[in-house]
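Colleague: So you can see what is in the structure, the chains are spelled out below.
Protein chains: 6
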Amino acid sequence: MLTNHTKFFGYDYSLEQADLAIFGAPFDSTTSNRPGTRFAPALMRLDSINLETYSPYQKIDLTEIKVADIGDLELAFGNAEKVLADIYTQTKEILVSAKIPIMLGGEHLLTLGAVRAVYEAYPDLNLIHLDAHADLREEYLGEELSHATIMRHCCNLLPPKTIHSFGVRSGLREEFEFAAENLNFHPFELDHMQDIANIVRDKPIYVTIDLDVLDPAFFPGTGTPEPGGVTFKELLDNLLYLRNLNIVGFDIVELCPPEDLTGISSAAACKVLREMLIIAGNAKNSL
Amino acid sequence: MLTNHTKFFGYDYSLEQADLAIFGAPFDSTTSNRPGTRFAPALMRLDSINLETYSPYQKIDLTEIKVADIGDLELAFGNAEKVLADIYTQTKEILVSAKIPIMLGGEHLLTLGAVRAVYEAYPDLNLIHLDAHADLREEYLGEELSHATIMRHCCNLLPPKTIHSFGVRSGLREEFEFAAENLNFHPFELDHMQDIANIVRDKPIYVTIDLDVLDPAFFPGTGTPEPGGVTFKELLDNLLYLRNLNIVGFDIVELCPPEDLTGISSAAACKVLREMLIIAGNAKNSL
Amino acid sequence: MLTNHTKFFGYDYSLEQADLAIFGAPFDSTTSNRPGTRFAPALMRLDSINLETYSPYQKIDLTEIKVADIGDLELAFGNAEKVLADIYTQTKEILVSAKIPIMLGGEHLLTLGAVRAVYEAYPDLNLIHLDAHADLREEYLGEELSHATIMRHCCNLLPPKTIHSFGVRSGLREEFEFAAENLNFHPFELDHMQDIANIVRDKPIYVTIDLDVLDPAFFPGTGTPEPGGVTFKELLDNLLYLRNLNIVGFDIVELCPPEDLTGISSAAACKVLREMLIIAGNAKNSL
Amino acid sequence: MLTNHTKFFGYDYSLEQADLAIFGAPFDSTTSNRPGTRFAPALMRLDSINLETYSPYQKIDLTEIKVADIGDLELAFGNAEKVLADIYTQTKEILVSAKIPIMLGGEHLLTLGAVRAVYEAYPDLNLIHLDAHADLREEYLGEELSHATIMRHCCNLLPPKTIHSFGVRSGLREEFEFAAENLNFHPFELDHMQDIANIVRDKPIYVTIDLDVLDPAFFPGTGTPEPGGVTFKELLDNLLYLRNLNIVGFDIVELCPPEDLTGISSAAACKVLREMLIIAGNAKNSL
Amino acid sequence: MLTNHTKFFGYDYSLEQADLAIFGAPFDSTTSNRPGTRFAPALMRLDSINLETYSPYQKIDLTEIKVADIGDLELAFGNAEKVLADIYTQTKEILVSAKIPIMLGGEHLLTLGAVRAVYEAYPDLNLIHLDAHADLREEYLGEELSHATIMRHCCNLLPPKTIHSFGVRSGLREEFEFAAENLNFHPFELDHMQDIANIVRDKPIYVTIDLDVLDPAFFPGTGTPEPGGVTFKELLDNLLYLRNLNIVGFDIVELCPPEDLTGISSAAACKVLREMLIIAGNAKNSL
Amino acid sequence: MLTNHTKFFGYDYSLEQADLAIFGAPFDSTTSNRPGTRFAPALMRLDSINLETYSPYQKIDLTEIKVADIGDLELAFGNAEKVLADIYTQTKEILVSAKIPIMLGGEHLLTLGAVRAVYEAYPDLNLIHLDAHADLREEYLGEELSHATIMRHCCNLLPPKTIHSFGVRSGLREEFEFAAENLNFHPFELDHMQDIANIVRDKPIYVTIDLDVLDPAFFPGTGTPEPGGVTFKELLDNLLYLRNLNIVGFDIVELCPPEDLTGISSAAACKVLREMLIIAGNAKNSL
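Residue numbers (the working numbering), protein chains in the order written: chain X, 1 to 287; chain E, 1001 to 1287; chain P, 2001 to 2287; chain D, 3001 to 3287; chain S, 4001 to 4287; chain Z, 5001 to 5287.
Keep in mind that the hints were calculated from the coordinates and are not lab data. Please note that the accuracy of each hint is not assured.
[Claimed, not checked] Only pairs whose alpha carbons sit at most 20 angstroms apart, straight line, appear in this in silico DMTMM-like list of lysine to aspartate or glutamate: (1) X:59 / X:237; (2) S:4233 / Z:5052; (3) Z:5233 / Z:5052; (4) X:233 / E:1237; (5) P:2059 / S:4189; (6) X:233 / D:3234.
My request is simple: use the sequences and hints to build the entire structure.
Modeller: As structure tokens, this is what we get:
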């Protein structure tokens, strides 16, 4: 039998047939420390084939969720504004088709392009943000568009206190102070996820998962390791609180394959993707 | 002084002098993802020399336990049934000498050869199984003999509910349902180990430890990483509940050295081996 | 623009449209030393995208050659005879369509399946064989089907002296003696390639390239490193002597990606593939 | 703008201007297992630049603490006694200037040189010791000066029960017995740190942190991995109990960069350094 | 003795005291394949300390040449034009001081900034260019400023046939044709270096060495491996033909440390730097 | 069948039965750059099993040569003089039994211990020395016993011009000058090996092979990479000129396994060992 393992989890739906649409965004030009997140979508495709499609946590199989893998965007290295525009356009196109857009980074800056499109479609959008870093700088090395400024741009876009931020353990003093004032800010841990899930139950939700929220023991595949993060079980348990929310889009970013030769980071990313696909797809089905 | 670090922990007993007998089983031909467990016995021999022989957990030194390292089986790559027969024969030979057989894999399929011999010797055998994967498929890619089917073969061999399975977090829906019906099945965690140890206190016990029951943070040296596993301390603490059981054999399988360049997985495997040797050897001494 | 880099060199021809057809054969169960060649087709697909399609050596561009990438065979680990049958069937199917079959291993044993089909189609077939190892054993660890016996099987299949073997620098004394007697045997170097090319000019030719013919400095991505091999330039220069031959099929085998984290071996494999595609495709065009 | 990232955290104070003085001690000649700690100071300098200077745990920024990075000692490989003398001299020089000496190893043996100088200056010194290994042997392979004997030398130097040892999980039976008798010995965990901190509140304290007290999942960058250690969060939380103590010197030793290609161990070492600098520097400021 | 190995080869000259001035340019944002050349200057500084300062090839010691290491430029990721301006300014500043500017990349695009400044100072400048890639595209993925277009920009800047290009073995057909017409083009080998050296003997020369001109066997530390390159000896022997030329500046680019864990590529880069410093410095001395 | 691959090439002769005796010397305490040669003997034992015992170059099989693998010396880290004494004693013991001593390092300093014993037994001894480094310093970082001084010690021991040195391409100016005066010095290449072999035909010969004489492309497994060395073929071809010489001992040193994850360096070391065993053993047989 001939096969090409060229789509996530072996999915073979067209965009029309699917409820959710995944696209890869292989871009890392503003990464300031160790680059390489551009390789994440390709590696995750290969590794997703080795993951069981059944989630024993949710007792649901991926085959019950209709997902289209529509491929990777071809993004110009070194031109951040143009790249954000491409992502905005792609996300918008998926939303117009009434599908849930799912972006796999690439670096965290890319989230801005997706959020711009999703916020346009859902003016009462709330953002759930998991991350080791505040990403709230106004500029970084003189550049306004950077992985270190992405959440500041989101703050400028969305109304106050509609961003719920979890797990942050690194930033300037100014970022922590800004976060306390302008965000629903829950640093260091994911503890309050269940509470927040209850509060935003009737809102459209976009989830952005910077995988470095995990401790580097569980996720060494990052260019910016920040010891003191959450365990994989803590991440998984808290994501499950998002079941039954109205998730209108999500992204998983910052897997940096060259940093982790063992493959455990890519396996973690794929498992988070599997669970999130089931969470988002199942909620959509039951609406 | 001349030395060859060629036996586990520097042991130099013959089979006759020993109470326990270790043999290596370097075979991984049915491994479907990343192969390499064939290299585990050789690496563990080298690394065992760097581990203290004293267990501060049990306050016993390995020198108080008589172990023979009888070497590695020479196994034909690509011929699973013949390999299982070789392992059956070797295990039987050790049992006939009234020693406790200890197999170091290699892949998990090999356990079947050992269990066949041990069950023959102990008809009221109970199996304690630690693993990330259910391994309960009926066939895998058209082959019945596979690392993915090993526990199903054991189920066919032993009476119902004599297999006590811990830590499983990956499998088909069918496997989870089969397990719930036919095994003493304790997925995700090791929590019920102490209870089960009490229940099987008067039975002969074979323990099979697929090291991927550990979270890949603690055990990256695996070809099939499954995030969400137990910590090394949890594994160790729960193994200690097996003290005073009548352990008639055990195996430690699925260490895949090429996946872990840091050596922490091999160190974990050696420490599990040290503690299990003391648990099994000390219990035998006190019988 | 959306893209999936899922076909060699970005090719998008169907089998019908093409003159040459590539298939991957991800299998390494009989590998006796370090396994991992199963990962070669997937890695080469990704890396082929980074290679220019233009050959400055031949002054021809890959876009002038019509190639179909028909995907990978799904091969059962641990069942060599069945795997050879699958490869035979696939190769035959390509030949029946009057295309040139190109197999990317995987281990060298797989060549046997392809040669069986090609020889059936071309009874006056000659074989050009580049390799570090004689591969002429009658059995290996008790198994007749093994990467170490593949050329012996070919010798049994084809008439004497129709196999032209280059670069061999490792084997038993018996293999070297057998080779001298039964093959056109040119060990250590590729020096006589031009002469042989002249001799077989009017024969159908199958070329099997075990990439470990290269010195491990130029090709560290092998499980069986044999220092003392040829340089990449020597390989390339000698392959160019095969231009204008009637090449009716070829394979490139034994790239073992886990052994080479730098990617230089995969780059070498892709460049050999590019040049061979042009050599074989161009000759076919001019027939 | 031109820059050379050649000082820890970008600090640019002279010894005179500073309250604390860091020096590197790149030496690992007595390491018995895998060497390489000699490379730790250079790597930590580079990686410290990638760490935020603000501690969200203590809400203090490194810029509020005056630290001089005075460079690395040039130490003769293979001459342990001379090396200890060099470290003694350097430490003494810093103490004479009324600064807090901070040594970055290198192997743990080096601590002896520093403790000799600090004890001379503070006769009522107490030692807080975090480590996976007891390091209490009298000799190792016939040598008295070894990383395996360092704490025994400290015991011989200081009065009984002035050494408070945490986290030890490896050693000879004799070492565990000696420790129970002669040290304030808290093996396996860091649980009693807060109690001890209260007890020694009015004493001058030297802290020696062998980073292998961390579980190798969190700190794979060690030549002597000992599974079963503490998590990074546990380490961090317990170090924070040392705030307000009179810390007169500390060292961080045994980071072995070649063992950890991911950089998470170096990141852990840098974060421990940041927090300890703030703890020690802030306490000094408030005295 | 305290030391910080923070300058190339341990040099400690100020810009004023020196004849040559080195600066690092850690930038790789337009790299299309595997990024990481940003880490080259820092690694080369460390590794240069392990290289003897004496060249047995030239029988001259580096201590006879006055070199200032003025540090690294802090370059904004993701803004190529601004980065080129920074490099232009830095190079100009060195030229104005009548020193020879030496840039260590970073990616090859950076050469453009340096050449702009040098050409301004020396209108009859000739360029000697060693490279695996033609780098003569007009744009790449829609961007005009890219590592793939750098030589085209140089061609636009300098008069025809003043660029002497060696070793190119990869490019589009159009690039090879453009090169043949507009450059002194010597692809594949370095053979004609001596002839060219004679021809340009009375011209000011800028040398740009893209280290991937070396075969990846000798230089695996590249993100764009191109098998079929020259050996290290061939490179060294041909560089020696540049002795006594009037070298007014040079750069060494494209070392990508993350691709080569063995350090042999960095060692090669440092040795090329040592020989070029002696070649350029000695010629200047004798003018 | 049970087996322990614990002796070189599977040899099982006792010292009494053998003509040649191998011992390992795992010591690297004076290594100034990257340590790790201590791991070479253990790795070479494992890898020697994967090498064919037949040399197609000499048309002789290792089974025709009687070799005893007597194990590894247990050497105290950090005490060079004591270690040299242990090696002297061991070498002497082998010589007294009328066997040929073969030492596998470890670092090059160890050669001094062996040469002291061999020179005592053969006062007209000549030394053939292959190396990238002159190793002729009088002291290094204040220590007289160092890998960087070993050949100077040999010069002090043996009469002038009895040391024939090949391949050196790194050293101080003073070392090159000293070598030219006091040694038979053939730097950079191995060209004159055949001539020298003729000259010393009637002398007892000790051969010391520092494997870094190879270019790091062919031998990346070194802590001191020196680009510009010889190819593996050049090394092999020139060693074959030593056939029929009266070789009374040899060593192979400086393989540093942690530097080379691909295993090609260990394969090179094993192949050099195989050929040298045949050269030395066969010559002895024919005497």
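Colleague: Next step is simple, just say for each hint if it's right about the structure.
Modeller: Do the hints match the structure? See the list:
1. X:59 / X:237: holds (14 angstroms)
2. S:4233 / Z:5052: violated (32 angstroms)
3. Z:5233 / Z:5052: holds (18 angstroms)
4. X:233 / E:1237: holds (19 angstroms)
5. P:2059 / S:4189: holds (17 angstroms)
6. X:233 / D:3234: Holds, at about 17 angstroms.
Hint 2 from the earlier list is the only one contradicted by this structure; the remaining hints agree with it.
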